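*Asks:* This is what each chain is made of:
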Amino acid sequence: MECCNKRRMMKESPESNFMNRRGSSCFPDEVLERVIGMLKSRKDRSSVSLVCKEWYNAERWSRRNVFIGNCYSVSPEILTRRFPNIRSVTLKGKPRFSDFNLVPANWGADIHFWLVVFAEKYPFLEELRLKRMTVSDESLKFLARSFPNFKAISLQNCDGFSTDGLAAIAADCKNLTELDIQENVIDDKNDNWLTCFPESFTSLEVLNFSILHNDVNFDALEKLVTRCKSLKTLKLNKSITLEQLQRLLFRAPQLCELGTGSFSQELTTQQYSELESAFSNCKNLNTLSGLWVVTPQYLPVLYPACANLTFLNFSYAPLDSDDIAKLLVHCANIRRLWVVDTIEDKGLEAVGTHCPLLEELRVFPADPFAEGDARGVTDSGFIAVSQGCRNLHYVLYFCRHMTNAAVATVVQNCPDFTHFRLCIMNPGQPDYRTSEPMDEAFGAVVKTCSKLQRLAISGLLTDLTFEYIGKYAKNLETLSVAFAGSSDWGMQCVLEGCPKLRKLEIRDCPFGNAALLSGLEKYESMRSLWMSDCKVTMNGCRLLAKEMPRLNVEVIKEDGSDDSQAERVYVYRSVAGPRRDAPPFVLTL
Amino acid sequence: MAREGLGFEITELRLGLPGEPKSLVSTNKNEKKRMFSEIDDNGEKEKKSNTGGNLKTTESKAQVVGWPPVCSYRKKNSMNEATKMYVKVSMDGAPFLRKIDLGMHKGYSELALALEKLFGCYGMGEALKDPENCEHVPIYEDKEGDWMLVGDVPWEMFMESCKRLRIMKRSDAWQIEKTYIEIDEIKEKNV
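So the sequences go chain by chain: G and L. Going by UniProt numbering, the residue at position 161 of the first sequence is 161; the numbering climbs one at a time, nothing skipped. Going by UniProt numbering, the residue at position 19 of the second sequence is 19; the numbering climbs one at a time, nothing skipped.
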């Protein structure tokens, strides 16, 4: 039974409602709330809340999920005041460039004071999804104690906790269905946490501990998997051997998403065939990942399970082109594929040949810092994929060089790109055939792909690229720029030309105060702006802060740096005012 | 909530040469400015660089913080996976050689277990602790071509220097040792 906070609104009878409000909504509040309550999309809810006061209230009372893209844009007090009945919270913290060490440790985005407020205002909280937040063991323990209905926790790119925190969740969250720990910096202390799930606990549906590097208590894991009959997602860590994997699969053939452990153990023939048969029994498998450390000759055990796969994440498995080709023959239904560039162009040709339904491709570099003759993927692999996979709409492609012509061909083949992220790993690298800047490549992207929402550019780029973006990329929401541009004009083009721009992150570009200030009117309609190692000064930032009091203008100061330069600038809109928890190196202007 | 370093720094994969200052974020600004190029009116690239170095030199690439934009956990994993350490293993009396991946094991005891499983020869663990008294003795050929007893040097050093492994019968090992002693004696006589 739901225990909502009941409204204390003035209840008018339905008739008087109708009499008094002719011309506006004539539904009783309860009905309005019911109807609006069915809206799931955040954008729809946002629109609905702007219609009139009745609709605003109906929307806020009926909302169960809230998504906060920047944890400093609002405070937990403001949030809980507006939305009294929230069951699920998604919060994102640090700027994305913190993934690449551009944000110092202890910057902030700590979840704790949010949890304290939630414990009081949302005692029936069920789900918490965090990205780039700092989460301590103490916070996890507090969470486990404070929310009796708690069901799902997902931590992505977070830091600050250890397996002790996981143990608390396991022990105290009696209704847990999801424990999803992805790509966090976690202190892996011991394997006890798995033993903390009580024997009576059977509700788990999602378990992901793939990033832990130590051994886990396999016995506890096997028992857990056996008794949780609804388990749909299981992502294991490196310590799990093939033999152990086989035993787990035997216990859980109903799995839909599997992350294997290490795929490299000397197997006897008997063990090999047992493993193969375990995979063929998994009829519902649609996602496969893991494969930390791969012995390629064991890949064939996967073949029986490949036909139904829609998402294959081999981004930690450096296979070569032959191995991937042999595997992909069986994977005709793949929609999303993540691979390492060890598969080279030949591997990408196999992708183009065997995976016609592909929609998303991510190619990660095996060795990002390699010099000289390092291999990987090139323009020809990119073209090959685009030729075979006409439904491609999301690409993340790391390469060492590229040509304008190749990119133009790719978008001609696949005009429906919504996400185009090209990372030419040498900063300032021109078209390697013509030695020209890569302006025309990205020009082709924005001219052809009218649905483009996200763009990451690289290579040698002049202001012309930004002119193109400003002129054509009318649906662009996120733009990532590095080592590009010639002058302030470039950034201005984007700020003036892209009406839907929400996130702009820039590093090492020659954009200064004029560029920064040209966006004065724009930043309040955006989530955030990041500029690092550009030409912005403290004075420019102070001016921005003065003109736009509803923006938080923060400068991250480093020791020994020039006092007048603003090396790292983070600008974002906020209704919560300046941060109250800023560390000494974050200056709020 | 102020937090002292939890020691995570040690797990963070760093860019830059060993012995660099403690935090890459406070790496001196000169290096960062080096990565910053301007294009003058003629379209030629001018490099603003303290060292006058090319944007594309190895040194400058290695010292750019956070570039290429690959997340730390991905960098860590990719570096590990790049090294595969398969070595041949022969066992006296077995008709076929096997291969074992040293990188898969964290220490000698794991290696011993793996060898035992491969060949069904038990007691490998004991052999490493007490080579005098076991039936099978694991030895390895190092980079210099010498045959060494497994277990003397730290595991990491062993991983790097081991080229191939051999599981000898104790009796044979003694025989070979005797031969070497005889060879040495002959050498001494001829001096």
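Derived by calculation from the structure, the hints in this document are not laboratory data. Given the structure is predicted, the values throughout are model-derived calculations rather than measurements. Glycine residues also receive a C-beta, built at the ideal position from the N, C-alpha and C atoms. Check before you lean on any hint, since a few could be wrong.
What the hints assert, rightly or not - Restricting the straight-line Cα-Cα distance to at most 30 Å, the calculated cross-link-like pairs of lysine-lysine (DSBU-like) are:
1. G:53 with G:141
2. L:106 with G:223
3. L:106 with G:189
4. L:106 with G:346
5. G:326 with L:88
As the list claims (entries may be wrong) - Listed next, the stretches of chain L that the computed footprint assigns to chain G, with coverage defined by at least 3 CB atoms under 8 Å from CB atoms of chain G:
6. 99 to 105
7. 109 to 118
8. 151 to 161
What the hints assert, rightly or not - Non-contacting residues of chain G with respect to chain L, defined by C-beta distances greater than 12 Å in every case (computed):
9. 127
10. 202
11. 281
12. 284
13. 415
14. 421
*Asks:* Honestly, which of those hints from before does the structure not fit?
*Replies:* The structure conflicts with hints 1, 4, 8, 14, although it agrees with all the remaining ones.
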